[in-house]
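One line per chain: the protein sequences are A and B, in this order. Position 24, counted from 1, in the first sequence is what my numbering calls 20; the numbers after and before it change by one each time, with no gaps. In my numbering, each residue's number is its place in the second sequence (first place is 1) plus 781.
Be aware that a few hints might be false.
What the hints assert, rightly or not - Partial list, computed: chain A residues near chain B (C-beta under 8 Å):
{"no.": "1", "residue": "Phe52"}
{"no.": "2", "residue": "Glu56"}
{"no.": "3", "residue": "Val58"}
{"no.": "4", "residue": "Ala75"}
{"no.": "5", "residue": "Gly77"}
{"no.": "6", "residue": "Phe106"}
{"no.": "7", "residue": "Gly187"}
{"no.": "8", "residue": "Gly204"}
{"no.": "9", "residue": "Cys210"}
{"no.": "10", "residue": "Thr244"}
{"no.": "11", "residue": "Leu262"}
These are computed hints drawn from the structure, not numbers from a lab. For every residue, glycine included, the Cβ atom is placed at its ideal position computed from N, Cα and C.
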Amino acid sequence: MRSKPIIACAAVASLALAGSALAGNGGVAPVAPASPNADAIRESYWFVSIFAGAIFLLVEGVLISFVVRYRRRRRPRSADGAQIHGSTRLELLWTLGPVLILSAIAVAVFAKLPELEDVPAAAAGEENLVVEITGVQYYWQFRYPNGVVAIDRLRAPEGRPVELRVTAPDWDVIHSWWIPALGGKTDAIPGTVNSTWFRADRGGVFEGQCAELCALYHAKMLAAVEVMPAETFDTWLAERRVAQTAGTSQLGEEQYEGACAKCHGLAGEGGYGPLLEGNAIIGDARTLERLLREGRGLMPPVGRDWDDEQMRAMTEYLEERFADGG
Amino acid sequence: MAVDARAAEPLVPHWQRGRFASWLVTVDHKRIGILYIATAGFFFALSGFLAMLIRTQLAQADQGVVTGESYNEVVTMHGTGMVFFVIVPILAGLGNFLVPLMIGARDVAFPRLNALSYWLYAFAGIVFVLSFFAAGGAANTGWTAYPPLSAIVPGNGQDLWILSLHILTISSALGAINFVVTIHNMRTRGMTWMRLPLFVWSIEVYALMLLIVLPVLSAGLTLLLLERQFPATFDFFVPTDGGSPILYQHVFWFFGHPEVYIMILPAFGIISEIIPVFSRKPIFGYKAIALSSVAIGFFSLLVWAHHMFTVGLPNYLNGWFMVVSMVIAVPTGIKIFNWLATLWRGNISLDTPMLYALGFISVFTIGGLSGIYLAAFPIDWQVHDTYYVVAHFHYVLFGGSILAILGGLFYWWPKLFGRLLSERLGKWSFALVFIGFNVTFFPQHLLGLLGMPRRIYTYRDEPLWEAYNLVSTLGSYLMGLGLLVLLVAIVKSRNGRRVGNDPWQADTLEWYTTSPPPPHNFDSVPYVSSARPLYDLRRRLKERRGF
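All chains should be built: construct the whole structure from the sequences, respecting the hints.
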C-alpha cells in the first residue's frame, strides 16, 4: 500500500509533463502572459512554487520513508514504538520555519504589487485608452471614449496601456472579467465600477470568459481581446465611429451574436428561446425595441441600457436578416 | 411496604420498544450518533450521484447529459449537500457517539435536545430533497448563493434552499451547545483539559466555532429570503434600490470560511486518534496539536475576505486577509509535522484506518500548499473561481475531511456495532478511492491554470481541456467504484468478525467498555491519569502479571 503515493505522484508528474509538451506549459503555471501584470502574477506563482514544491517533497518524502522504515514487519502488533512525547526544539523549528517561509512569500507579493497596480503612463502627449466594460447576462459590452460600442470582442492596440472600467448594470447580476493572458480577474459588480488594465506586448487574439456564475449561459459568456498594431487600431476605431453613425457597422451582428444567439441560435433557429425566422415582432421596430428594453417572460431585458445607435443597429440587423422568412 | 404504583409500569412504554419505534424516540447519544451517520450516508450517496452527473457532463465539451439549467441545479445541490448535509452532520454523528464515551460520561448533557437536533437535521434534509420538485427546480445559484442573482432568480427552489439551511442552522447550534456543555461539565475523574482525547478537543473547537458563525449565516439568509419575498420593501443586496451585493459576500464568508475549518478540525481530531494507535506511540506534541486547533479556530474568523480578492477591495485589506490566511498555515503545518513525528520510530500497522490516515496526510498537504497560492491575492486574481479552486477545496474537503471520516468509520465501526468492517474490502476501497481521488482532482489544478472557470456546463473544445477533463471524469468513476466497495463492506459487516472491546489496543476510554456499549456506557470508569488511560491500564496489568 505504501507504494500508492509514489504511483500517484508518478502518474501526476507524467500527466503534467505530457501536458507541458502539448501546450507550452500545459497548466503547470498560469498561461503565457502577454501583459506586464499577467507576467508579474506568473512570477509570483513561480516564487511560491519554489517553497511549495520543497515542502511537498519534504512532507511526502518523510511520510513515505517513515512508513517504509518503521512498518511492523515481524514485530508483534502490540509491541510499543519508542515512547516519545514530543520535543520543544522540534516544535519551535517547525513553527518558525513556516513563519519565515510565509513571511518571504508575503514580502515578495507586496514587492510585486506596484507592477500589478500602477498603470503604466502613456507615451508623451497621449492619454491612456479607457474602455468601459459592462457585463450583462450573457455578453460583454465595450464602450470606447469616442462612443464606439463593441460586443464580446475587444480590439486593443499593441504596446499601449489600456485602462478598463468594469461594471454591470444595477439590474443585472455579478460577472467577472477575465482574460488569463492579460492579467487577473476583475469582478463586474452591479452598481460598482472596478478598474484594471493591460498593455499587450504582442498581437493576437486572447481568449477568456466570465468567471462568476451569472445563471443559465454563464458558460457561453465568452470574451476575446484582439490585439492589433497601434495604427491599425486607430484606423479601426475611427472607421467604426463613422460606420456606427451611418448604421453600417458590424455592431448589429455583434449584438446579435452576443446578446441574442445564445438563446435563439446563431441562425435564429431557436433553442432556449423561440425561433426568430419570420417572427412577427421582428418587422415591428417599436415592439421589438420594447421587448429588448423590458424583456418578457424568460427573456431578460438584454438591451435595457442601449443607446439609440445600438438599438437601431439591432432592429435593422434583425429585420434585414429575419423579416419575411429571411 | 407500600407498593409503588409506578413500579408496575415498565420504564419504557411498550410501544417505544419496537425495532423501529425505539429509534424514533431514542435519546441515547449512541443511537442518535448512528442516526446522524446513516442520514449523512444517504446524503453522501445523493450528493455523490450529483458529482458523477457533473463529471459525466464534463467528460467532453458540448455534451448534453444534463441541460445548462439542470447543471446549475446539480452543482448547487452537490455543493450544498456535501457541506451542510454530509460532512458537518457526519462529524456531529461521530462526535455524538464518541464524545461521551471518550470522556467517560453516561450521555451528553441534554439528551432530549440532542434528539431534537437530529430530527431538525432530518427535517431540513427532507425540505432540501423536496426542493428538487419546487416550481422552477432546485436552487441554481451555487452553494454560495450570491445576490443579486440569488435575490432575483425566479422559482421557489432558492426559497426552499434558504429554509432548509435555516432549519439546519438551528439543528447545528443546538448540537453545538450540547457538545460544549458536555465537554466542559461531564469529563470523568482525572480528565483534565490536557488529558482530553484530541478528537474531543477538535469537537470542542468545532462546536464553539459553529456557535460563533451560525447566527451570522442565519442572519444573511434571513435578509436574502426577505428580499426575495418582499422586493419592494427590503433592499439589502440588490443595488437598484441601494442594496450592496458585496455586503452579502462579507456576511456569507464570515460564516463560510470558518465553516471550512469546522469541517476539517474534527477530521484532524480523527487523524490524531488513529496515527498514535497504529504506530504504538503517544501522539507527538499533544499540547501543540490541541492548541493549534484553538489557534486555527481563532484565526479562521479573521480571513473571510480571501474569498473576495476579485471584488475590488483596497489592497491594504487584501494584504491583511492574505497575511492572516497565511498565519493559519503555521498551526496547520504544526499538526502535519507532529503527525509525521508520531510515525517516527513507531511500530506501524497498515490496517485500513491507518491507510486512510496516511492517505489523508499525503493529500491534505497538497490542499494546504495550493491554499498558499490562493492566499497570495495577486495569484488568486488568476486562479479565483477556476477549477484550480475546485481542485484545492476538494483536496481539503474530500482528501481531508472525507478520507479522515472514512478512516474514522473503519476505526470505530467495531465500537459502533461490535463487528469489524472487512479489512480486505477496506484496503480495496482505500486504494480505489485514493487513486481515483488524485486522478480526478489533480488535473483540475491544471485546468484552472489554463483558464477553465468553475460552474460551467460546457467548455471551449481545446484539446488539452478535453484531455484533462476526460482524465478527471475517469478518475471520478474509479473513486465511485471505491465507495461502492465501501458500501459492500458495510452491508457485509452485519456478519463481520466480532472482535471484542478493544480490537486495535487503543488508548482512549471508549475502548474500555463493551462493543457496542450498553445504554449507560460504563459500569465503572477508571481514574484518568494521562491522555492515554487505556495504555496506562494495560501497562499496570502487565506489571502486575510480572509479579
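Verification of the hints:
| no. | hint | result |
| --- | --- | --- |
| 1 | Phe52 | holds, 6 Å |
| 2 | Glu56 | holds, 6 Å |
| 3 | Val58 | holds, 5 Å |
| 4 | Ala75 | holds, 5 Å |
| 5 | Gly77 | holds, 4 Å |
| 6 | Phe106 | holds, 7 Å |
| 7 | Gly187 | holds, 3 Å |
| 8 | Gly204 | holds, 7 Å |
| 9 | Cys210 | holds, 7 Å |
| 10 | Thr244 | violated, 31 Å |
| 11 | Leu262 | violated, 14 Å |
Hints 10 and 11 from the list above are not met by this structure, while the remaining hints are.
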